[in-house]
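Chemist: Work out the full structure, taking the sequences as your base and the hints as a guide.
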Amino acid sequence: MAVETVICIGCPLGCRVSVSLDRGKRVTGMRGARCRQGERYILKELKEPVRTLTTTLRTTDEDFPLLPVRTSRPVLKTLLEDIVRGTADVVVSPPVRCGQVVVPDVCGSGADLVATTDWTRRASKNGR
Amino acid sequence: MVEKADVAVIGAGPAGLAAAIAAREQGAERVMILERAERLGGLLPQCIHNGFGLLYFGEDLTGPEYERVFIQRARKAGVESRLESMVLDISPDLELTLSSSRYGYAKVKAGAVVLAMGCREKARGALGIPGGRPAGIMTAGTCQRYVNVEGFIPGRRFVILGSGDIGIIMARRLTLEGAEVEAVVEIMPWPGGLIRNEVQCLHDFGIPLLLEHTVTFIHGETRIQGVTVARVDGERRPLPGTERFIPCDCLLLSAGLIPENELSVRAGVELDPVTGGPLVDENRQTVVPGIFAGGNVVQVHDLVDWVSWEAEAAGRNAARFADRGGIPFRDQVRVRAGENVKYVVPQFISGKEEVTLHLRVTRPGLKATLLLGGKAFKRYRSVRPSEMIIEKVDVGRLSQAVREGELRVDCRMGEVA
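Protein chains in written order, with our numbering: chain P, 1250 to 1377; chain H, 2 to 418.
The set of hints was computed from the structure by calculation and includes no laboratory data.
Just to be clear, a hint being listed does not mean it is correct.
[Claimed, not checked] Covered stretches of chain P (chain H as the covering partner; in silico rule of three or more C-beta atoms under 8 Å from a C-beta of chain H):
{"hint": "1", "stretch": "1304-1314"}
{"hint": "2", "stretch": "1317-1326"}
[Unchecked claim] Now the in silico label distances, taken between C-beta atoms and shown as ranges:
{"hint": "3", "chain 1": "P", "residue 1": "1344", "chain 2": "H", "residue 2": "136", "range": "31 to 39 Å"}
{"hint": "4", "chain 1": "H", "residue 1": "153", "chain 2": "P", "residue 2": "1250", "range": "47 to 55 Å"}
{"hint": "5", "chain 1": "P", "residue 1": "1359", "chain 2": "H", "residue 2": "179", "range": "20 to 28 Å"}
{"hint": "6", "chain 1": "P", "residue 1": "1343", "chain 2": "H", "residue 2": "136", "range": "31 to 39 Å"}
{"hint": "7", "chain 1": "H", "residue 1": "3", "chain 2": "P", "residue 2": "1322", "range": "47 to 55 Å"}
C-beta: ideal position from N, C-alpha, C; glycine also.
Modeler: Structure below.
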């Protein structure tokens, strides 16, 4: 039996969770998670770690050169770099509403890239 | 012309917005935000990462999303704002002098004032690193603005000095954008940021975190060529023989934040030498009647959620002050930081109401016990200086403090971490 420490990143508490694994790497016990969601996170993290990706896309407006976006849900950790590289050439034009899907099913991850701000012509970076 | 406001809020970041909304909700007629930048929101637009609002909204938002909700709420609540307006002075009768590219030189007479200027990053001058003065040295927050708002990356190979949250979040961002982050160098024996950021920004990308190390020399004439990094001893002095050269074309500084209080001091507000923020009571009133403060201008928070909550208290009480023509400064009990406690906010309380204490420990520890007035209050499995401890304390726990006029806060460590 092996014991592994995994740090939960679900919330700012950052619980350090000791996980007992049997020979077949199956979880046999867990100590230290302060909530149920944390326990679920740890199981997922051991099996198939995922992260929410936040990045930016280029725009057509030099006063507002970047549109901040996020994945609509956490994606496989191994896909983070692929998504950033794969969307380097995407150029967005206004208007965009916060929450609007900008790139659907980005890089086959199953998640969409979603705008995290409202962008109209007026809302340029200098607000003029 | 002198404009009139019931509550004037200085700064339109998360603290200012929350304070202004709370002041309106408390019934203040005219609430005016004075902001030196061209837009509301402060630094939130450049904080494109998620992790905002987990406590406040129970939702995992990015900086721009968090900002959007507060700006919408402020508009709905009828908060007024004066942009591109820098407050230069606050007189004892709460007349604010401002200089504005839109309105010229102007005065605002306020019933109460909320300080919500936030904090700023320590720059190179505050760190005293020897070496040349080449281009390519900037704070992590400046780099964050370049990369996330302006749209360019200021280097190819980075070294980050200090392991504060902004620095390690930028380490991840720069790596994903294709730059190399050679190392994060931290002088203390423990990381300066939140553990969840260390995991998802450094561990995930295999970025080395050099604890008990510092930059001892900056190389380069016109552009930075690299840095010398050395191990430090227990007194944070570089150890001879441990130096090594790390090539880089950009050095980011993420070595701490300082509450921005030049204006407060000029107005007669007294500061806590440890927090760098005003001494405040449980209402977040400063020692100057009618001047309240909330958010990072009072104490540098880990989470924006707490900035919003603290500023709401300041805004609410500023509205009460304006309405009643004054509320007393609650200084019946002095709160003192004792063993292993770096500071406690608020520094003054009445002891007659439930109070929320914000504090930081001086070093990490395991099996820690928080003591109030010498009596055990709560136990923690682990405590870290980078993670603020926030505890509600009910009146029953404060009766001894009221008798003694002092509340001592200690943190006893069971084991050394």
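Chemist: Report the numbers of all earlier hints that the structure fails to satisfy, in ascending order.
Modeler: none
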